[in-house]
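With the hints as extra help, turn the sequences into a complete structure.
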Amino acid sequence: MAQKTEARKAPAPAAVDADLARRLLYDMMLIRRFEEKAAEAYALGKIGGFLHLYIGEEAVAVGASSVLRRDDYAISAYREHGHCLAKGSDPKAAMAELFGRRDGLSRGKGGSMHLFDRRVNFLGGHAIVGAHLPIAAGVGFAIRYEGGDQVCVCYFGDGAVPQGEFHEAMNLSALWKLPVIWICENNRYAMGTAVERALSQTEIWKFGQTYGIPSEAVDGMDVLAVREAVGRAVARARTDKTPTLLEARTYRFRGHSMRDPAGAVYRTREEVEREKQRDPILLFRERALTAGWLTAADVRGIEKDVSDRIDEAVAFADGSPEPPVEWLMTDVYKEG
Amino acid sequence: MAQKTEARKAPAPAAVDADLARRLLYDMMLIRRFEEKAAEAYALGKIGGFLHLYIGEEAVAVGASSVLRRDDYAISAYREHGHCLAKGSDPKAAMAELFGRRDGLSRGKGGSMHLFDRRVNFLGGHAIVGAHLPIAAGVGFAIRYEGGDQVCVCYFGDGAVPQGEFHEAMNLSALWKLPVIWICENNRYAMGTAVERALSQTEIWKFGQTYGIPSEAVDGMDVLAVREAVGRAVARARTDKTPTLLEARTYRFRGHSMRDPAGAVYRTREEVEREKQRDPILLFRERALTAGWLTAADVRGIEKDVSDRIDEAVAFADGSPEPPVEWLMTDVYKEG
Amino acid sequence: MAVMTYREALNLALREEMRRDPRVFVIGEEVGLYEGAYKVTQGLLKEFGPQRVVDTPIAESGFTGVGIGAAMVGLRPVVEMMTFNFALLALDQIVNSAAKMYYMSGGQYNVPIVIRGPGGPAHQLAAQHSQSMESYFYHVPGLKVVRPSTPMDAKGLLKSAIRDDNPVIFIESETLYAVKGEVPEDPDFLIPLGQAIVRREGTDVTVVAYMGMMYRAMEAAEELAREGISVELVDPRTLRPMDVDTIIASVRKTHRAVVVEAGAGFAGMGSEISAFIQEQAFDDLDAPVERVTGANAPMPYARNLERAKTPSKERIMEAIRRVCYAGSV
Amino acid sequence: MAVMTYREALNLALREEMRRDPRVFVIGEEVGLYEGAYKVTQGLLKEFGPQRVVDTPIAESGFTGVGIGAAMVGLRPVVEMMTFNFALLALDQIVNSAAKMYYMSGGQYNVPIVIRGPGGPAHQLAAQHSQSMESYFYHVPGLKVVRPSTPMDAKGLLKSAIRDDNPVIFIESETLYAVKGEVPEDPDFLIPLGQAIVRREGTDVTVVAYMGMMYRAMEAAEELAREGISVELVDPRTLRPMDVDTIIASVRKTHRAVVVEAGAGFAGMGSEISAFIQEQAFDDLDAPVERVTGANAPMPYARNLERAKTPSKERIMEAIRRVCYAGSV
Ligand SMILES: Cc1ncc(C[n+]2csc(CCOP(=O)(O)OP(=O)(O)O)c2C)c(N)n1
Ligand SMILES: Cc1ncc(C[n+]2csc(CCOP(=O)(O)OP(=O)(O)O)c2C)c(N)n1
Ligand SMILES: [Mg+2]
Ligand SMILES: [Mg+2]
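Chains as they are written, first to last, in the working numbering: chain F, 28 to 363; chain G, 28 to 363; chain P, 43 to 371; chain W, 43 to 371.
None of these hints come from the bench; they were simulated from the model. Among the hints, erroneous ones may be present.
Each computed SDA-like pair below joins lysine to any residue, with the alpha-carbon atoms no more than 20 Å apart [unchecked claim]: (1) G/Lys233 x F/Thr229; (2) F/Lys73 x W/Gln166; (3) W/Lys351 x F/Arg129.
Covered stretches of chain P, as calculated for chain W (at least 3 residues, CB under 8 Å) [stated by the list, open to error]: (4) 134-144; (5) 164-170; (6) 174-181; (7) 216-226; (8) 339-345.
Glycine included, each C-beta is placed from N, C-alpha and C at the ideal position.
Structural data, given as structure tokens:
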């Protein structure tokens, strides 16, 4: 049940200090490293099915999650490793899930597209484009019903916008004033389909205006910009349950999935190279160094911690056994 | 196949003359009379199932159809008797369909909610709210594909707007430039649900703006206003395939269906009485008389013609036999 | 015991469960102010207020998804489909989200939701508004599917469905809302999901039927009794999980079976019942299991065609006679 | 005859029909510029241009409705579902609009549309992307449902589906796209819908299977031949309309039947096949019709659990042995 909790203040997104800078950089690098290692494991056949990497988009999940409480909810589509880790999940259990092992977040039954983690209120991991938006509205409904002050952050891609459920979820959240923060990760492509080939209105944030909810576009490559925009949205949602639509302008550096490695049919190499100049990790690292929030030594330290932690996650996943075959028939129904 | 036709000009909606005034008044009164007689027949048990009357909304169908060609398409929901008759269907066959008889438009298999008439390109008669909008977009797609210059008029209620298919159809028609004229008959209620309890944006025409298509609200009780607005939309659609969203502000004088006769739980008697002052037939008759387009004698003549024609329709329907029982299994599959 | 209509029994079940558990709420089109298109939710808005009796716009997949999300985090929604015909718009939410969430999450998030409303043939509502809808659900692992034929079952099974921790598809019938019957008033009266009931004991043939077809089969049975044919009538009540044992036990006794179904016959519920009967009681069968089903056509509007679409008492009687005389000569 | 993959056979069928009839067009997600998520539409954009090879946004019910509307006024759309899992979002359009239009309109508007794409179990795609989808369609009057197992069938049946005047659900398989086989190049080569084929002649038992399960059943048959059990393998190819006669004729010859199905067993395709076999060949059967089906659970991601979900060659062989030895002692 949506826990009622004494209204702890979420950290005000104001000033950046060494501590915050470290956390943001660490989380972004952790996700990046997790994804790189997952790609390796996929190539080795240790991960099967689809694998959608979040590389290039880390600032969105990290910026947003940095203003969330543990009892807030987050929900996403199938490119969700970053959202899940940013919400606080253990990379060991996440990697084990990608490996399809018994110690995985979803006991090996969900895989890469279906990470769930009740410990940190991460609600998945959904692979039908658009379908998790009404579900997010329902989580907001429950928060209001229970009189809680949590929020629900719902991440979705530009590809979900033409889907009817986007419209239904926007209208219901606006009509009923549900504390949902809609974060559209506009990485300009849905698989091979550029936004302008999918939407007659490419300024996605403008859809929110029609429903009368606060809406804005934000630079999804700037972790602080995301943090501030989401911070404002969270404040509105906690105090008077207003939903918000944020369009985070970002870019995926890799293909749609490991089966679309180049991702080069529908976009030029030049475009990809240009976008890589906006790498959210490089940008923030520079900024942190120039601003003096972090020293070069700090950064090296973070790099080391991150890579150790992910190596450990891979080792853990590798060591975790396959689920017992009886689990095929468990969790189909919950016994009363 | 969407017939290619030499571009006959549709009548310019400019000046009103006796002829046009007669036609508009005649068509509105014909629909009104048809519905009144259908209500009687329903009370007598000659019509079964649901019966949704169009009384009060006649100006929309008649104003819109007055600028259409026979080879243009029209499609609607389940409150479609008026749209079907205005497009040119024979009241005899329409009434016979309501009676479930073999001479009915749909051979008695469709009933009140599923009137279809290929003779006049009337594409039904659809009872799943929102579902016929993508179908209308498909008709527009076919017109463009065939290089024809027809248009497709799609009537739907305010209740269809919160439905995902509204959004999908708007986006596709705007993205692909399909010659569809979207006419939302906003009669302020979807069954018992007032627009403001269903939509966070109650100015329905504004949705169209987001998709970048010409959009406006029009007085749905003023047959000439509807005719002009639809005339402009049709011109745009014929020349450069631009879709349009029109919000026709109207009101249903009767209950949602014959099973909701009063329709008084969700609206006040005062409101209904007030709205009846805007009766589109009374308003236009007055105007036609004062403007001298018609004389009192003309009007009496029209009244007589209309009531004779509908009596004849009822007699025809009554006299038409039930469909032969073998028809249960015909029209399930079309044999190649 | 009180005598009440099927509609009143459902209404009472909702009231009792809403009083018992503050997490239970009702959501759907016209359930509040209008008190339900078929008045099943009459009086609920007045008693429980707009927070727990929620009117929605027409957005089936949207408000069903809202129910699923709310259920994931601990509420117990009862979603009304004004009629089940509209559930197809929400089928992705029901099948890909509700039914699979508990499994995909490795047992972390169950979805205790009830989706209820009328389904099946109605009166002259034609192809889109008059059809048997259970076939879209009973094949799906993770769902439970209920079809309650009587007021008592309507109450006892709806209460169990609401208390169940899994998604339950609860399909009523427009044609049964006015049916009267005895209903226990005890708020703790429950009928467990997954239990069939023998509506009539008999020795010559087992007839399996539910909802309107159960009543029609009962008439056929009474009439055949006069011909000396003793029919045992079994009503599954829950289609998934199906109470196979009760049906098999009956067939082992009668050695003959007829399955009656209102919906189109090809690959319907009757197919599964016929299949498991011959699988599990093959050596007991003196005749093939016969199916009496609706025609494999959409529902026509015309009264006479509509009548011909669903199994008549006569067709049920003929099938029963056939299986009874088959093999016995 | 040329040897080509299942994927190439589908591609060739599309090309031939698009060349033959200007009203035929392809529409769906990624069918054009990207040449299909599974490359079935490779080269079509280049040959036929963007007007006839239409990329869509992600809006399944929207673009399926577009196909239906276009078909009503004379075009012949081939709608690609990137995978059939997503067809649930368009199910209302398919069931309530496409399947019923011809009937509701009293024969005025037929809907010559093909909805095609891969369905069924894939490799580690988990619950939402790896499931048998045919059950949502084969029960529906007004639809035809095809499941082609070989490259030759893929070509011959897709061409017939495109020329058919009714809505046809054409479900391919990700696991078969790379399968090679002989395919007639003759552009007039068609395989009529509704005809099963005997893949292997035998005398002891009839096995009914399609798609991946057909290949697995074939392996089982070859292995059992060495044990002296002669299996006749029938592939229905079209599920609706079902070629009942070919299956019954085989059972009358062998007196035994096993139905294999990848999907969940409860109320699946196997239920219908088992039901009509015992109905129509009851006196010929020496043993109950057995079903070997997928587990009644969603599809798990883990490799070992996934393997356990669908019928193995061993389970098929055991079932065949059971029905062969049953009754014969
Ligand atoms: C309803 C539905 N249709 C199609 C697909 C296949 N598909 C998977 S991801 C995807 C593209 C989604 O793009 P976007 O929403 O922008 O997210 P991104 O991959 O860019 O993060 C598509 C079409 C799907 N999963 N669900
Ligand atoms: C998808 C769907 N949901 C619910 C219904 C039941 N229903 C029939 S008409 C109606 C109200 C529609 O109102 P509106 O679109 O405004 O049209 P109006 O009746 O006012 O002309 C509803 C909810 C339906 N037919 N289809
Ligand atoms: Mg994208
Ligand atoms: Mg309305």
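Checked hints:
Taking the CA atoms of G/Lys233 and F/Thr229, the gap is about 17 Å. The hint holds against a cut of 20 Å. For a cut-off of 20 Å, the pair hint linking F/Lys73 to W/Gln166 stands: about 12 Å separates their Cα positions. For the suggested pair W/Lys351 and F/Arg129, the alpha carbons sit about 17 Å apart, so the restraint of at most 20 Å is met. Coverage of the segment 134-144 of chain P by chain W holds in this model, with 5 residues showing a Cβ closer than 8 Å to a Cβ of that chain against a need of three.
Note: the segment 164-170 of chain P has 3 residues with beta-carbon separation from chain W under 8 Å; the three-residue rule is met and the coverage holds. Taking a C-beta to C-beta cut-off of 8 Å, the segment 174-181 of chain P contributes 4 residues in contact with chain W, enough for the three needed, and the coverage statement holds. Counting residues of the segment 216-226 of chain P whose CB falls under 8 Å from any CB of chain W gives 0; the rule of at least 3 is not met. For the segment 339-345 of chain P, the stated coverage by chain W holds: 3 residues have a C-beta nearer than 8 Å to a C-beta of that chain, and at least 3 were required.
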